[in-house]
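Here the protein sequences come in this chain order: V and L. Mapping to numbering that gives the first Met the number 0: the first sequence position 108 is 107, numbers consecutive. Mapping to numbering that gives the first Met the number 0: the second sequence position 221 is 220, numbers consecutive.
Calculated from the structure, these hints are not laboratory results. One or more hints might be untrue.
[Unchecked claim] If you want the ones that stay clear, here's a sample from chain L, every Cβ over 12 Å from chain V, calculated:
| hint | residue |
| --- | --- |
| 1 | 644 |
| 2 | 650 |
| 3 | 662 |
[Unchecked claim] Where chain V lies over chain L, by a calculated footprint (3+ residues, C-beta under 8 Å):
| hint | segment |
| --- | --- |
| 4 | 12-22 |
| 5 | 568-576 |
[What the hints assert, rightly or not] Restraint ranges, calculated between C-beta atoms of paired labels, are given here:
| hint | chain 1 | residue 1 | chain 2 | residue 2 | range |
| --- | --- | --- | --- | --- | --- |
| 6 | V | 35 | L | 547 | 28 to 38 Å |
| 7 | L | 419 | V | 274 | 53 to 63 Å |
| 8 | V | 18 | L | 564 | 37 to 47 Å |
| 9 | L | 415 | V | 270 | 37 to 47 Å |
| 10 | L | 419 | V | 5 | 41 to 51 Å |
| 11 | V | 46 | L | 590 | 48 to 58 Å |
Note that the Cβ used here is the ideal one computed from N, Cα and C, for glycine as well.
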Amino acid sequence: MAVIPALLVQGVQMALVLLLAPLLTGLTRKVKARLQRRQGPSVIQPYRDLKRLLHKDVVLAENASWLFRVAPYVIFAVTWVAAALVPTFATGLLFSWSGDLIAITALLGSARFAQALAAMDIGTSFGGIGASREVMIASLAEPAMLMIALSVALIAGSTQLSTIADYMAFSAVGLRVTLALGLVALVIVALAENARIPVDNPATHLELTMVHEAMVLEYSGRHLAMIELAASLKLLLYVSVIACIFFPFGLAHGYVIGLIAYLLKLAVAGVLLGVFEVSIAKMRVFRVPNFLGAALMLALLGVLLRFVSEGM
Amino acid sequence: MIALPLGCIVLLMTLALVGAVVARTASGGRIVYGGSLAISLALLLIALLSIGGGSSTVTLPLGLPWIGARFQLDPLAAFFLVVVGLGSAGASYYALGYGRHEPEPQRVLPFYPAFLAGLTLVVVAADAFSFLFAWELMSLASWALVMSHDREPGNANAGFVYIVMASFSGLALLLCFGLLAGATGDFSFAAMQAAHPSPGIAALALVLALIGAGSKAGVVPLHAWLPLAHPAAPSHVSALMSGVMTKVAVYGFIRIVFDLLGAPTWWGGVIVLAVGGITAVLGVLYALMEHDLKRLLAYHTVENIGIIFIGLGLALAFGANLLPAAAALALTAALFHVFNHSVFKSLLFFGSGAVLTATGERDMDHLGGLIHRMPKTAFAFLIGCIAISALPPLNGFVSEWLTFQAILLHPDLPQWGLKLAIPADGALLALSAALAAACFVKAFGVTFLGRARTRVAADAREVDGYSTNAMFVFAALCLLAGIFPGAVIDLLAPVTQALTGAHMPKQLDVAWLSIVPVETARSSYNGLLVLVFVTISASLGVLAIHRFASHALRRAPAWDCGFPDPRPQTQYTAGSFAQPIRRVYGAVVFRAHDTVTMPPPGATAPASIEKHIADPIWDALYAPIAAAVWWMSQALNHLQFLTIRRYLGFVFAALVILLLALALWQ
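So that you can see chain V by itself, here it is in the shape it has in the complex (with noise of 0.2 Å):
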């Protein structure tokens, strides 16, 4: 039976995922300190942060119902089964056939629905101002991220993730057009939908700026600890998506390679994106429109592109 070790890889793909989690965020974290010219936190600091809230008491406001509480574990599932679906050091693992790429996506948007309703449940004006800016973010974002999944599909013909990773790895799929467009809209997308700089900021407090921290604001303890935990789980998912889509180096050549090299792409991400952030400044909240709207109208024009032509 070929079943044990197959569930045995995608346990530990789901583990491996959920550990390293938060060490991209503190790696993220310490690339921008350094930066800056400040020590910063050791890049360990997100794993003490989650036991540290784990430890401490729940304050729930007094009018939160069950949905507010039941909240934080279904962001958590969800965003977890999602990246547990995306090859990360190899790829066919047993159940990658159960959810593609738009199913990935949608169960992120199941995850947003989810904290957005979460925010309105107190009734807080903070609550309301949140959800009302993500869902107005995600309503560009997420068809910008369906546009982009059936760009690379119509390349690869398949919009299974591994399927689509085997084929980048193996044809001779060379530079094109479509795909060099839905990896500029897929970075941009993956920027908001992680609420990084420019259209959000993950370490504002700033009333009238914050969007996704709008939303956790009546969160705390082991509630909060979930959340914040979804969080780093979804933006290692967007780098996993990103890596296996436009660099699937080393997926075939078995686990250990496969490991090794997305521990480094993690590493180049994590950097990458710290640079970034430093360097640029945040977005006013109806400037971010434009930004989405950049890449929606990138990656439809891949699709297009595919429609039109072959060779593109």
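We have chain V; now place chain L onto it with these hints.
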């Protein structure tokens, strides 16, 4: 098998007469809705049993003397009978408990079974005369239901717009059938199938079918009646109108275009794709601007009709290029969405009806915090919101996923129109899915979450058992269709086989109950596994927390960055929630803008903000027509006060002109 649905129709018509008699009695509602429930369940059972069988026809000596009335039950009709039976069974059961808040709930009793009979009759009719008769019966009965609260402001207007649009739709279909019947004038569907209309006639018939059936279904720009009429009716009727009647209109379109017209054409696909894409996005944008819960849901019906038409357009495009397997996939996606939308839209209208019963309010800005007061309704409504937002693992996602798979299937179609329309529709579909999620965060968040904004919302009580049970059954259906989509797809196989000559591969044989439209390497989705994974992951999270983390929990006032405001008016409302989206999309589509008036420093006058939204379609299309009709009736008004001599003179002049025209013609 055709005799059974016809028997149900006869029973329903009898029940309508009974309803007229017993309307004033105390148990009138129970008799009518109980009877409708039993008949609808029988109909559902008949339809489920006959969907895989062949077609059976019957000609009855009714209607026009030299034609007779033909009825037919083929797989397509059987599938839509499933939708009709399920929707009306749910609405009838819900109605058993509904209506406590209504002043005169008995007013709808005679018309309700007649409406169900009309819906059923449209689906089984097999000649143009019976079809149009059933179509008008459906329109008139539902018009009577819309007018049941005729004293409420706006409802008379809603009824008027509805009846005008319904007549218009009937007229377009009449012309369409007239073209299809051809010179021989044989109105039976069998004769129309056998005849092969010339390309020009086929083109005209397609456009007329799109106008006739589309205006009933609510495609933009013919949707104007829908957000007026659907909310005006009692909620169980709204559920039927949105969930079932629009689907019967889609049935009319499919019957004419896929069955009667013969070989599809690619430009027909382009037209339907364009209409579908625009309808989907505009429908959801209208819904986002809305703060009336039932109007919001009605606009969302427009969006979902757009998604269905995208699938139908793809099926036409693939059919025209002789790709039957791809056409079958696209048609399956469209029909799956027909089923899904009928389920979750009924559920959501039941929920809005429950809110209306409990609070008497449809305006979301007067609600809030209902999750505490109506936990069952809130839970069921939440399931409906997740399903309609196309989020996994519920059913709405599956049909949209299938539509995306159909879009991806053939980028190599030769026609340029399709090369541009198909990817553009992909983008519009993605956009409408994301906006739908935003819209239902708003609908659920403002209505059920937060703090109560008014006294009535704060004092709301959970509704009766019939209503909550009906909602829970439909919520369970949303989940079941989402995790076992293969069963629905297999059920649709005979339908697509009959219409496109192909069907999707059998799904229930696939390992682990995945769905695989083409092949596993290409794409697959498994809602059941996704649900199991999410459940396991969430349980692992909960277990770990309970094992390792602090269990302590304190209740405290909301923090809100240190500035909590106890007044519930400081919460986000429907309007403020949609403000970013209004600014991003509405500025273009609705010419939306805000006017802020600030008093000068030191003045004590309050500041004010006004939002302005224009309805571009009403302004560009309906308002000019209304103005023209008004102008013409004013101009013709003089003719009303003439002497008998002058009238006779007019008759004479008309006769002379007609005879002259005839003479010149020959």
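For each hint, the structure was consulted:
Residue-level check passed: residue 644/L sits 68 Å from the nearest beta carbon of chain V, beyond 12 Å. Chain V leaves residue 650/L outside its interface by the beta-carbon criterion, the shortest separation being 61 Å against a cut-off of 12 Å. At roughly 57 Å, the least C-beta separation between residue 662/L and chain V is larger than 12 Å, which holds for a residue marked as non-interface. Residue count for the segment 12-22 of chain L with a Cβ under 8 Å from a Cβ of chain V: 0. That is fewer than the three needed, and the coverage hint is violated.
Restraint check on the segment 568-576 of chain L versus chain V: 5 residues with Cβ-Cβ distances below 8 Å, three needed, restraint holds. About 34 Å separates the C-beta atoms of residue 35/V and residue 547/L, a value consistent with the hinted range of 28 to 38 Å. A beta carbon spacing of about 39 Å between residue 419/L and residue 274/V contradicts the range 53 to 63 Å that was offered as a hint. For residue 18/V and residue 564/L, the hinted distance range of 37 to 47 Å is satisfied, since their beta carbons lie about 42 Å from each other.
A beta carbon spacing of about 45 Å between residue 415/L and residue 270/V agrees with the range 37 to 47 Å that was offered as a hint. Separation of residue 419/L from residue 5/V is about 43 Å and conforms to the stated range, judged on CB atoms against 41 to 51 Å. Taking the beta carbon of each, residue 46/V and residue 590/L are about 52 Å apart, inside 48 to 58 Å as hinted.
Going through the hint list in order, the structure does not satisfy hints 4, 7.
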